[in-house]
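S.K.: These are the residues of each chain, in order.
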Amino acid sequence: MKPSPRPTRLGPRKGEGRPSYAEAIVSRKLPSGTELYVLENHINPTMALSGSLFAGGLFAPAERRILASVTAGELSKGTQSHTKLEIAEELESRGSSISFSSDASDPVGVDLGGAALSRHSDHLLDRLVEILTTPVFPAAELEKEKKRLIGAIQQQQDQTSVRSYEAAMRQIYPASHPFHRLRGEALIAIVDSLQPSDLDTFYRERYGAASLRLVIVGDVVAARVLDRLEKALSGWRQGPRPKWPALPVPPPAPGRESIEMPEKASADVVLASPSDLTRPERAYLPCTLANSALGQSSLTSRLGVRVRDREGLTYGIHSGFHSTHIAGPFTVTLSVRPENRAAALESTLDEIARFLKTGLKDKEFADEKSSRIGKFKVDLGSNSGLASAIDAAIYYGLGVSYLDEFPARVSAVTKEEADAEFRQRVDPGRFTIVAAGSFEGRT
Amino acid sequence: MSPKAKRRAPPGNVSSRRTRPTPFQFVKEKAGIREWRLTSNGLKLLLLENRVAPVVTFAIVYHVGSRNEGVGYTGATHLLEHLMFKGTPKYQRDKGTAIAAVLEAIGARFNATTWFDRTNYYETIPSDQFETAVRIEASRMRGSLLRDQDRQPEMTVVRNEFERGENSPFQVLYKLAFATAFREHPYHHPTIGWRSDIEGVSTARLKEFYDTFYHPNNATALIIGDFEESSALATIDEHFGRIPASRREIPRVLTVEPPQEGERRFIVRRVGQVAWISLSWRTVQANHPDTAALALLAHLMGGGVTSRLYQALVEKSLALSVNVIAWQLRDPALFSVFAPVRPGVEPAAVEAVIREEVQRVAREGVSEAEAEKARTQIEADVVFDRDSSDQIAASLSEAIAVADWEWYADYPSVIRSVPREEIQRVAQTYFNDDGLTVGVFLPKSAGSAGESAPDEEGDGE
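Line by line, the protein sequences are chains H and W. Note that my numbering has the first sequence beginning at 1, numbered continuously upward. Note that my numbering has the second sequence beginning at 1, numbered continuously upward.
By construction, these hints were calculated from the structure, which means they are not laboratory data. No residue lacks a Cβ here, since even glycine has one placed at the ideal position from N, Cα and C. One or more of the hints may lead you astray.
[Stated by the list, open to error] Derived Cβ-Cβ restraints for the label pairs, each shown as a range:
1) R51(W) to E185(H): 52 to 58 Å
2) S401(H) to S230(W): 35 to 41 Å
3) E364(W) to L85(H): 19 to 25 Å
4) P19(H) to N111(W): 30 to 36 Å
5) L85(H) to R147(W): 56 to 62 Å
6) P19(H) to S230(W): 27 to 33 Å
7) I190(H) to L442(W): 25 to 31 Å
8) A189(H) to S445(W): 19 to 25 Å
9) R247(W) to R310(H): 32 to 38 Å
10) P289(W) to S234(H): 50 to 56 Å
11) E185(H) to K316(W): 23 to 29 Å
12) L85(H) to S445(W): 35 to 41 Å
13) L442(W) to P250(H): 40 to 46 Å
[Stated by the list, open to error] If you want the ones that stay clear, here's a sample from chain W, every Cβ over 10 Å from chain H, calculated:
14) I33
15) R205
16) D404
17) E406
18) D410
[What the hints assert, rightly or not] Per the computed footprint, the stretches of chain W lying under chain H, defined by three or more beta-carbons under 8 Å from a beta-carbon of chain H, are:
19) 95-101
20) 106-112
21) 153-163
22) 267-275
23) 295-305
Whole structure, please, built from the sequences with the hints as guidance.
M.R.: So, in structure tokens, the structure goes:
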């Protein structure tokens, strides 16, 4: 996107009835570095907001990455002008919502979200800026949140899916890596130790206009929205520019672990290995197209057809790359009856090996490409879907034209490229395999 | 379809592009929804244009759910829904035309779900793929193969789905709340079924169930989004028009749950760390005049940070969250409160607060500001739903399952018209202990539970 002091609206693309997304989206880059994007859509009287800020767990000390998500969550618990209850009362009485969140699945970003009836859009934008720029992190609110969060962590530790995934991440990533996961009790101790000053310091160090991206889609007037936001954000400090160090990909740590959790009717199994795939890079599309054929869907993928449809060994099986700005793991996850663990695992590994050996079939690959293009179109079928897609394209530096180029980009991927990129990153011999459930006496 | 091609047919009867005369009867229109009926077999159609994007949702709702089941074949509706993906003469995995694979290849967002009162199948697709979805749904309405060789592996898939649910305290509590509150009416049975029925129901019994309920005259088709009406109707006629109506009458549910005559309680003890509690009061069916006030009551009790129970439980660090549901079903249902209890807090303390808060509404009523906030939240939810064709289809599917489509169309104005005094009155009417079922999920210690050491060789068991 080129910096522009005023909104730029481009005319319709020649020879076509509707403008391209790149033409229809009005954008403005503020001197502070903030980027604003608005897409008018007047069919329904609603607006959706999506945005990001580079203040995720990667920027918190390695031993307390959860500080980032607690800080994001506590932003709306009180500002210099309003208490938490006043903010909530104003939003809820209008049927509006605002959210700030950061979780471990994306170590870099904080997600901003919002929705309002269009007649309340000014109020939503004003509150969003107020919360973002003047939070006060009241001590009493943090104490309440700590109690709630500790209980929530205990709740999660009862889940076989959480326990198996976290253990796999502990095995394949060192403690310094943002995809490493602490044990529940260690996480609880960190949450318990957090003080308002920790949140305030992290906020002051990481939050600022330079890395803020906001996307608004819906029944609004673009120029008004841009003017309002520019004015409201004008006094905010710049903060750090979005950049982060390259993280080395750790070597694989093949091995197996079994976590006994009594009285669980269903068990979960995770197969994981570190990957070097990031979301913005060119290999992302080829790799994820190949993965779609292997394990994207429990109903249609090779793993789904074999392990669920033919053999009835699981309700759900999925494979995928956890790719953000930071390369995360490649994982295969499945739920199983504890007695079926060995059989399901054997079939899963065999099917992956078969897929790697034979590669994609021509029709399979063509179907995956048409599927991806069709789903992309379907996902753009709502204001919130459009806002999320534009936000993702900007967040990963792909530009708004990505929405227009997506079908051509998918079409351009060759089967050979998809097979080669996928094979380079997935090797069953490198998997760390963790199962959590009630296995004693049942396997 | 190009918006320029949009031409709405006038109310009346329309013919398909084939030669059969007047296959559709126009029934009525409200809030942009147009109801048609396929005269050859009674299939009801609801059309709503919503051109947010070049996307359309096609859905079929069958008026059969776990409400239509009995002991020995509980879960049959849901297991059948799974088998409906296994193929028809035209769509089969072995021919490379599996239903899911065909839909996946066109980029469809698709699935099927089963609930107490209905089973629905839906596809959200690029508009130019509309006919593919229609063809598939028509093919499996009467042509599903339902082979025993498919049932056997699918039964274990469904059993694993059941087992996953058993891992969730919330699901365990809601299933037992219904099982305890309803002793005679089939809402007693969970939609997924009881484990032994899932394992034991025969393919023949599933076929019988299919042959009883899967007919055009027991279904409603929804077309929502970007489509052109006359062309869409012609496509429907082409693929559904020759399917005959059921020769037998679709069986009705006769059982009526008698009034509850005293508080009921249940306790589940399982290994875990967090206790849960649920309180459920017997209420009314969705098309009852009190439904709107109960929906408003649910919002002001549990809809957001400012709601009464959030303030009384989460803000006071007694519960980790709170979920209030005014269940809207075809037959009288429940008003439920679910809360995971913060470790260290006695579930009885949370129960006492919930009881006091509901009684406070009954005793003191609610302010106009509180009532207006709840009205606005529900209205906003309806408007947000209209942002996407699949969300409209989902809401409309529920409405026709529990009442009728006009219930959906009228819902915002009905909500708007409820005075605050009505909210107090329904609290007084339904929050009585004789109609209450209390459930507690109590964690017990894990005994020898713990993680084993990582094992580099073998599988570590």
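S.K.: Hints first: check each against the structure and report whether it holds.
M.R.: For each hint, the structure was consulted:
The hint said 52 to 58 Å for the Cβ distance between R51(W) and E185(H), and at roughly 54 Å that hint holds. Roughly 37 Å separates the CB atoms of S401(H) and S230(W), a value that falls within the hinted 35 to 41 Å. For the pair E364(W) and L85(H), the beta carbons lie near 20 Å from each other, so the given range of 19 to 25 Å is met. Take P19(H) and N111(W): their Cβ atoms lie about 33 Å apart, and the range 30 to 36 Å holds.
At roughly 59 Å, the beta-carbon separation of L85(H) and R147(W) lies within the given 56 to 62 Å, and the hint holds. Evaluation of the 27 to 33 Å hint for P19(H) and S230(W) yields a pass: the beta carbon distance comes to about 29 Å. A hinted range of 25 to 31 Å for the beta carbons of I190(H) and L442(W) is consistent with their spacing of about 29 Å. Checked against the hint of 19 to 25 Å, the C-beta distance between A189(H) and S445(W) comes to roughly 21 Å, which is consistent with it.
Between R247(W) and R310(H) the C-beta distance comes to about 36 Å, which sits within the given range of 32 to 38 Å. With their beta carbons about 53 Å apart, P289(W) and S234(H) fall inside the hinted range of 50 to 56 Å. Checked against the hint of 23 to 29 Å, the pair E185(H) and K316(W) passes, with Cβ atoms roughly 26 Å apart. About 38 Å separates the C-beta atoms of L85(H) and S445(W), a value consistent with the hinted range of 35 to 41 Å.
Checked against the hint of 40 to 46 Å, the pair L442(W) and P250(H) passes, with Cβ atoms roughly 42 Å apart. With 10 Å as the threshold on Cβ separation, the claim that I33(W) sits away from chain H holds: the shortest Cβ distance comes to roughly 16 Å. For R205(W), the non-interface assignment is confirmed: its Cβ lies about 19 Å from the closest Cβ of chain H, beyond the 10 Å cut-off. With a least CB separation of 24 Å from chain H, D404(W) remains clear of the 10 Å interface cut-off, as annotated.
Every Cβ of chain H is farther than 10 Å from the Cβ of E406(W); the closest lies at roughly 21 Å, confirming the non-interface assignment. For D410(W), the requirement that its beta carbon stay farther than 10 Å from each beta carbon of chain H is met, with the minimum near 19 Å. For the region 95-101 of chain W, the assignment as covered by chain H holds, since 4 residues bring a beta-carbon within under 8 Å of that chain's beta-carbons and 3 suffice. Under a criterion of three residues with beta carbons nearer than 8 Å to beta carbons of chain H, the stated coverage of the region 106-112 of chain W is upheld, 4 such residues being counted.
Closer than 8 Å: that is the beta-carbon criterion, and the region 153-163 of chain W has 11 residues meeting it against chain H, so the requirement of 3 holds. Counting residues of the region 267-275 of chain W whose beta-carbon sits less than 8 Å from any beta-carbon of chain H gives 5, enough to reach three: the coverage restraint holds. Coverage of the region 295-305 of chain W by chain H holds in this model, with 3 residues showing a Cβ closer than 8 Å to a Cβ of that chain against a need of three.
Against the hints set out earlier in the document, no violation occurs for any number.
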